[in-house]
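Could you slot chain B onto chain A? The hints should help.
From first to last, the protein sequence lines stand for chains A and B.
Going by UniProt numbering, the residue at position 136 of the first sequence is 136; the numbering climbs one at a time, nothing skipped.
Going by UniProt numbering, the residue at position 364 of the second sequence is 364; the numbering climbs one at a time, nothing skipped.
Derived by calculation from the structure, the hints in this document are not laboratory data.
Yeah, the Cβ is synthetic: ideal placement off N, Cα and C, and Gly gets one too.
It is possible that some hints are incorrect.
Computed spacing ranges between beta-carbons, pair by pair [unchecked claim]: (1) A:T17 x B:S328: 34 to 42 angstroms; (2) A:K125 x B:I143: 25 to 33 angstroms; (3) B:N121 x A:V41: 42 to 50 angstroms.
To spell it out: a stretch of chain B is covered by chain A in this simulated footprint if at least three of its residues, at any positions, have a beta carbon under 8 angstroms from a beta carbon of chain A; those stretches are [to be verified]: (4) 342-355; (5) 379-385.
Chain residues, written in single-letter form:
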Amino acid sequence: MDKHIPPRLDVFLDISTYLTGFPLIDLQSTGMAEVYFNTIVAHVNPQTIDQFYDACESILKLKSTEAINETIEKELIPNGNYAGLGQKIILMWYLGTWDGNVISAQSYTQSLVWEVAETHPPGAKQPGYNSWSEPPIKINC
Amino acid sequence: MKLSFRKKDNPKRHLLIPEADQSRGEDQRFEQSILLEAAEHASEKKSIEDLKADLQTAMDLELSTIPPYLSALYSIKEGTNLESVEIIKSVVIEEMLHMVMVANLLNAVGGTPSIGTFTPNYPSQLPGNVMPQLIVPLAPFSIDSIRTFEKIEHPEGALQFLSEKDKELARNSADSSFTGIGEFYKAIKDTLIKLEKEAQNKGESIFTPNRNQVSDEQYYGSGGKIITVNNLTDAIQLIDEIVGQGEGTLGTIFSQEYDPKDDDYKLFGPDVEEYAHYFRFKEIRFGRFYAVTDSAHRDSPNKGLPTGQPFKVDWGAMYNFRPNPKLSDYDKGSALYEKSLEFSKTYTALLKNINLACNGQPDQLIKGVTLMYDLKYKAMELMKIPLDDGRYTAGPCFEIVDCD
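Chain A extracted, bound-state conformation:
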């Protein structure tokens, strides 16, 4: 683990669990959290980012999941709010892209879209000879 953990990475991860619908552990296991966090820093005005995370912090303090989800929809998702960060974070996790550009080779491979579609990221994460035609392994027991 890196010793330097950016401040508010935890807020980013927490709000991401609501924005993506994936549990924290699945987001962490992509290994992309810091990369995505830094992608925002590189592209968005620092003041907007601060305001966005301030808003996230107060939303996350709400008592029920329903209340959190409703407020996210009203506050974070509408076009133009916080430079569209709410929508962009969803796209980043699901597609590994920022404004339509793939962030890195890893972000392509680690996109949540493959998991949801139950398929392999084409051209990456080689699963072995002739196995492209098979769905990803699910071991049931």
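This is chain B only, laid out in the frame that chain A set:
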């Protein structure tokens, strides 16, 4: 299990340099002690059932090296330590090859290989009383891990743990706890030769041709050519191949010995490209490849250490997973438990797949390749999950779980 103790009286072995700074007395250097009769007695007493049991232990031994090597390999951050990744990967692939080759041998003598019922509970000793002094953990890529790997593959076996003086004493004792992997296989080879000789005297053979063999049709492109066993010649070739790839008991890095007077050697290098695991791990620790002129000998100009092309080893570029991860570390039903269990299931399924392949369904191995990749991705996912202690990440639990 009792194993015969083999004496290390080959002068070439004495010349090996485990560490450059170790010095040896001139008087000890070529000291020839008498070959222990105990060793011969041990193989004389062995029956075909003992042989089968020893071969099963050999498979367990090969398997036991795989989780430690894979754990270190998968902990290396993507895109870093490229040379170290290639070296560790090449060794793991050969260990897998060895396991399947021993299964071929066990099948050839009428045995039934069993894979997927045993896996060490790390940190663990190696099976078969091989170097009981050595405790092998599952740990991330580090200089300590590489040192442990060198010890596993050390040409001197357990003698490496003794002072020079005690080594001489040990060579003269019948204590089987100084067995290395090479000695372990040498004992098997002796038993094979003896049993086959006895069988042939009766006009029989201990070998059944074409029995449940995994051949290069199923196992290809990895770690060398798989050897199928139909007779004693095949069996000896197989064991020599395993020992040669592992410890390199000849005491040389390359198959041809270093000879400063041989211009051909200096120009074209040694005969083989891949050399024993022990030396490959040493390259990582020193961050240098062996040069073709390098020798394993203590008295060589390079003092047995690599002097070739340097490469970068970034010991910090790894996921620092908490050593020896276990399912029991987590509360049942927690997210980390479930994620770790997924890995254990994949590991179990892989072992069971290889078991089928080695018991008459060799085509199963093709499916196994998919499981191997899946194992890697699952391990790497775990290593990216930070634990609450803020120091370590989660890691792969190489455990056998109930699973079909």
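Hints, one by one, checked against the model:
1. Between T17 of chain A and S328 of chain B, the C-beta spacing of about 27 angstroms breaks the proposed range 34 to 42 angstroms.
2. Distance hint for K125 of chain A and I143 of chain B: a CB-CB separation of about 30 angstroms, consistent with the stated range 25 to 33 angstroms.
3. For N121 of chain B and V41 of chain A, the hinted distance range of 42 to 50 angstroms is satisfied, since their beta carbons lie about 44 angstroms from each other.
4. Using a Cβ-Cβ cut-off of 8 angstroms, 4 residues of the segment 342-355 of chain B lie near chain A, which meets the minimum of three, so the contact claim holds.
5. Beta-carbon proximity to chain A at under 8 angstroms applies to 5 residues in the segment 379-385 of chain B; the threshold of 3 is reached and the given coverage holds.
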